[in-house]
Amino acid sequence: MPRRAARHTNPGDFMASTVAEIIVDTLCQAGARRCWGIVGDTINHFTDAVRKSDLRWVHVRHEEAGALAAGGEGYLTGELAVCAGTCGPGSLHFVNGIFESHRNGAPVVLIASDVARAEAGLRFPQEVDQRKIYEQASVFCEYVSHPDQARRITTLAAQAALTRGGVAVVIVNGDMFTETTDDRLEWRVHRPSSVLRPSDDELDALARDLDSAARVTIYAGIGARGAAARVVQLAGLLKAPIVHTSRAKEFIEPNNPFNIGMTGILGNRAGVEAIDAADIMLCLGTDFAWTQFYPDARYVIQIDSDPTHLGRRAPIRTGLVGDVGATIEALLPRLKTRSDSAHLDRSLKRWAADREGYAKLACAHDDALIHPQTVAQTLDTLAADDAIFTADGGSPMVWLLRHVTANGRRSFLTSLLHGTMANAYPQAMGMAAAFPGRQVIAMCGDGGMTMLMGDLLTLVQEKLPIKLLVFNNGSLGFVEMEQRVEGLIDSFTELKNPDFAKLAEVCGISGWRVDTGPELEPAMRRWLAAEGPALLDVHVNRVELVMPPKVEIGQVASTALFGVRAVLDGRSREVVQLLRDNFLR
4 MPRRAARHTN PGDFMASTVA EIIVDTLCQA GARRCWGIVG DTINHFTDAV RKSDLRWVHV
64 RHEEAGALAA GGEGYLTGEL AVCAGTCGPG SLHFVNGIFE SHRNGAPVVL IASDVARAEA
124 GLRFPQEVDQ RKIYEQASVF CEYVSHPDQA RRITTLAAQA ALTRGGVAVV IVNGDMFTET
184 TDDRLEWRVH RPSSVLRPSD DELDALARDL DSAARVTIYA GIGARGAAAR VVQLAGLLKA
244 PIVHTSRAKE FIEPNNPFNI GMTGILGNRA GVEAIDAADI MLCLGTDFAW TQFYPDARYV
304 IQIDSDPTHL GRRAPIRTGL VGDVGATIEA LLPRLKTRSD SAHLDRSLKR WAADREGYAK
364 LACAHDDALI HPQTVAQTLD TLAADDAIFT ADGGSPMVWL LRHVTANGRR SFLTSLLHGT
424 MANAYPQAMG MAAAFPGRQV IAMCGDGGMT MLMGDLLTLV QEKLPIKLLV FNNGSLGFVE
484 MEQRVEGLID SFTELKNPDF AKLAEVCGIS GWRVDTGPEL EPAMRRWLAA EGPALLDVHV
544 NRVELVMPPK VEIGQVASTA LFGVRAVLDG RSREVVQLLR DNFLR
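Per my numbering, the sequence shown starts with residue 4, numbered consecutively.
Heads up, some of the hints might be wrong.
[Said to hold, decoys possible] Below, simulated BS3-like cross-link-like pairs (lysine-lysine); rule was C-alpha separation at most 27 Å, straight line:
#1 LYS505 x LYS466
#2 LYS242 x LYS339
#3 LYS242 x LYS352
[What the hints assert, rightly or not] Label pairs and their computed distance ranges (CB to CB):
#4 LYS499 x ARG358: 34 to 44 Å
#5 THR384 x GLY440: 13 to 23 Å
#6 ALA355 x THR384: 32 to 42 Å
#7 LEU460 x LYS352: 49 to 59 Å
#8 LYS135 x GLU82: 28 to 38 Å
#9 ASP518 x LEU199: 23 to 33 Å
#10 ASP348 x LEU199: 27 to 37 Å
#11 ALA532 x ALA208: 49 to 59 Å
#12 ASP44 x ASP518: 27 to 37 Å
#13 GLY440 x GLY239: 46 to 56 Å
#14 ARG120 x ALA532: 47 to 57 Å
#15 ARG337 x ASP299: 22 to 32 Å
#16 PRO501 x ASP348: 36 to 46 Å
#17 LYS339 x PHE495: 57 to 67 Å
In case anyone wonders, no lab produced these hints; they're calculated from the structure. All C-beta atoms in this analysis are idealised placements derived from N, C-alpha and C, irrespective of residue type, glycine included.
Given these sequences and hints, build the entire structure.
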């Protein structure tokens, strides 16, 4: 068990502790193992308390990376992770990482310090209103206004982060950390495990609706985490194909004979068509944001543990409140076993064709041209069966979701709700720290890598053996694709990159560079087998399009419009390359 700062069990035998000691002790008692951050002025007494505790301080080079790392740790472990920052600039650097961690539901506590109380409200240098900043990205955000509140506020913060899923913020003035209190009351974190499901009448009505529908398609999201076996059982009874959101890939895809992939712009044709053809789209714990991929309201039934999610993304016919697993368990005895599997069979056939198409896209026909799909598919083959994968927002995320297999032992995290750049390897830092025995792979874009490159030094300093895969196409590729599909001339997307392998070596990281197809597999094997952190810089096709599940006439017309504009702009060679590498292979 973690050491306690200055607690005593005998009545009347209390010794005063500082606020810093109490906060650190409370976080340890709540299960926190690490605190990510950068030391300095207003948190010096807090970090000194960390030094004397069982909480490990992890020194990052940029606070955004620290918040992403804490989020990666909390997301994968389900346990409390911590980050801490100084007032003003230090705290502001955390903001993007905090938004990302909060949106993906990671249980994180941020200790946000502020200027001394005597200077608060007087526009003192580095003073910012922490509450206004963090209230919009937290499940709890409060000041410690008196030393006697230290354990109580920190306990409530940890409890909110763990039970509600998200970031909790504790704001502490720098001088408050040194205040003392006898800390007599035993505030503790509680993590109840309750069962939530619709009423019997609602379940009876749901069963009648499902039994009367000729074609049911299940759409499973992150809310089905922990209930995958139940979802498969329900699909078997209904003869229903299962489409999943990007975040549900990890647990819905493995060992699932009813899986047919995803919908949305990153999805596949089988998922889109199964939803379009359904009499009922049964949404289980999904909060998928893009309304255009939902059918008419009369076809949609949604089940979610959060009532505010019902009908939030698209109009629905019925909305029910319940945990996915508990709801299915209560629903199954009410359903009739369906014999007609025509809808399921069509969907599975289409899914097989989709997978065959993905495999063909990854086939190399030109040794001098490496398709990013080939890189991802090679990685899928060579990576460990229990590897942990992160991917930067943009095209690396697409290659992960489409070409890396979920097998029930692998773990995945991408920036799907916040859509930030540079999330991959900072999140991987938290995961590697929490799971030192597992292979951790960060699929990075060249834009994302160069945005937070300073924390390559953290990998060496903290001995985090992350494997960094850089998809080096010399551009902000996903943005470039967006511009071209809209018929625009791509602008301001070009990146002048360093030799990432040499850069890694200068930082103390093993590095490899791949320029041609035959070099890829041998280099990837050496990279994965390397001791400690390692980087593989792969030069991939710049003009690779992320093709949507169905190519609409408007998209083709827009791409053609780009071709006309590019020719007029003197860039005809790029048009030929775009056609050759995406449409003619």
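Hints, verified against the model:
Taken as a hint, the LYS505 and LYS466 pair is honoured in the structure, with Cα atoms around 19 Å apart against an allowance of 27 Å. Proposed proximity of LYS242 and LYS339 is supported: the alpha carbons are some 11 Å apart, at most 27 Å. Restraint check for LYS242 and LYS352: the C-alpha separation of about 14 Å stays at or below 27 Å, so the hint holds. Between LYS499 and ARG358, the C-beta spacing of about 37 Å keeps the proposed range 34 to 44 Å intact.
The hinted range of 13 to 23 Å is satisfied by THR384 and GLY440, whose Cβ atoms lie roughly 22 Å apart. Evaluation of the 32 to 42 Å hint for ALA355 and THR384 yields a failure: the beta carbon distance comes to about 19 Å. In this structure, LEU460 and LYS352 meet the distance hint of 49 to 59 Å, their C-beta atoms being roughly 51 Å apart. Our hint of 28 to 38 Å for LYS135 and GLU82 holds, since their Cβ atoms are close to 29 Å apart.
The supplied range of 23 to 33 Å is broken by ASP518 and LEU199, whose beta-carbon atoms lie about 54 Å from each other. Between ASP348 and LEU199 the CB atoms are about 34 Å apart, so this pair conforms to the stated range of 27 to 37 Å. ALA532 and ALA208 have their C-beta atoms about 57 Å apart, which keeps the hinted 49 to 59 Å range intact. For ASP44 and ASP518, the hinted distance range of 27 to 37 Å is not satisfied, since their beta carbons lie about 47 Å from each other.
Take GLY440 and GLY239: their Cβ atoms lie about 35 Å apart, and the range 46 to 56 Å is violated. Distance hint check: the CB atoms of ARG120 and ALA532 are about 54 Å apart, consistent with the given range 47 to 57 Å. Between ARG337 and ASP299, the C-beta spacing of about 26 Å keeps the proposed range 22 to 32 Å intact. PRO501 and ASP348 have their C-beta atoms about 52 Å apart, which leaves the hinted 36 to 46 Å range violated.
Distance hint check for LYS339 and PHE495: the Cβ-Cβ separation is about 58 Å, which falls inside the suggested range of 57 to 67 Å.
Of the numbered hints given earlier, the model fails hints 6, 9, 12, 13, 16; all others are met.
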